[in-house]
Amino acid sequence: MRHKPNVEDSVFNSSPQPAGAVGSGPLGESIRLRIDLVWCRRLPDFETSSDGSTTRMSYQVDFIATTGRDESNRVSSSLAQAGARLPRGRVQWDEILYLECFERSIIRAEIFTSMPRYLGTAYCSAADLLTRSEVKFIDEIGTDCTLRLSASTIHVLNDDAAECGHSMQTGSNLKVRVDPGITPGRPIACIANSLHVIMSQLSLLTEVFEQINAPFDVTSINCNAYYAQRKAYTAYRASLIHQACHPRVTRLIASMVPVMDVILPRASTYLKRRAEYIDEFMNQIF
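At position 276 of the sequence shown the residue is numbered 276 (my numbering), and the sequence of numbers has no breaks.
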């Protein structure tokens with residue numbers, strides 16, 4: 001009789017495979033991004049109210065990323081007005097923002113009016129943002145505007161990295177800062193290790209999608225990747241501080257590891273030929 005492997009045991013006993021330095025978490029090291037916000041074009045200069053009066057528009061840009069300090073970190077620009085001295089449809093900031101995240105965080109950017117009214121969203125990995133000079137916001141009806149920026153990493157002190165939660169990211173070797181008397185047991189270690197692997201694989205999968213030059217809905221795909229990463233990291237943090245978990249939850253999360261192991265090597269070959277399936281592919285993972 002063929003032996004059926006125990007998924008939970010295999011995950012717990014296997015060594016984690018995080019990319020990056022020893023002791024890094026599923027999303028890599030804590031980093032701080034310096035974002036030089038320049039301008040945005042193709043924006044409405046005025047908004048007309050119901051009584052027919054017009055108001056010159058002002059705009060704000062937000063950046064959100066997963067961090068160890070909390071579920072997510074948000075930084076916001078100041079409100080910048082569409083000025084008469086600027087080209088039509090352009091807003092100028094010339095402002096510097098600092099965003100704490102991880103090396104493999106997926107970053108969500110949003111643009112709002114002062115009303116406030118949501119105008120659009122963009123997604124990219126932290127690594128991708130460092131190589132870009134422009135980010136395109138796309139809304140639900142397909143209109144777009146382009147944000148001009150540059151990004152770089154700045155040094156994070158050890159104390160700052162600890163505050164970002166880096167000391168909590170250790171894979172299966174759980175040396176965790178938790179409340180006195182709470183010791184992560186075998187089921188919790190298994191869940192944390194499973195989620196560690198899943199998030200590492202998801203980051204690699206996102207990198208594959210970014211390399212595929214095909215006409216698919218990038219915003220929808222990256223939106224699913226962003227929320228999958230965010231929810232997985234929230235569960236990962238919870239698994240480090242809770243003592244007990246239902247065995248079904250442990251088995252369910254552990255079962256995702258071999259699924260991701262099967263998906264990743266095929267994504268770079270099959271999906272390059274059948275890029276039209278990537279959107280639905282990410283929907284199913286999410």
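Each hint should be verified, as a subset may be incorrect.
Stated by the list, open to error - With a straight-line cut-off of 25 angstroms between C-alpha atoms, the simulated DMTMM-like cross-links for lysine to aspartate or glutamate are:
1) Lys231 - Glu207
2) Lys231 - Asp51
3) Lys231 - Asp45
4) Lys231 - Asp261
Derived by calculation from the structure, the hints in this document are not laboratory data.
Predicted model only: the values in this text are computed from it and were never measured.
Verification of the hints:
{"no.": "1", "hint": "Lys231 - Glu207", "result": "holds (19 angstroms)"}
{"no.": "2", "hint": "Lys231 - Asp51", "result": "violated (44 angstroms)"}
{"no.": "3", "hint": "Lys231 - Asp45", "result": "violated (37 angstroms)"}
{"no.": "4", "hint": "Lys231 - Asp261", "result": "holds (20 angstroms)"}
Of the hints listed earlier, those the structure fails to meet are numbers 2 and 3, in rising order.
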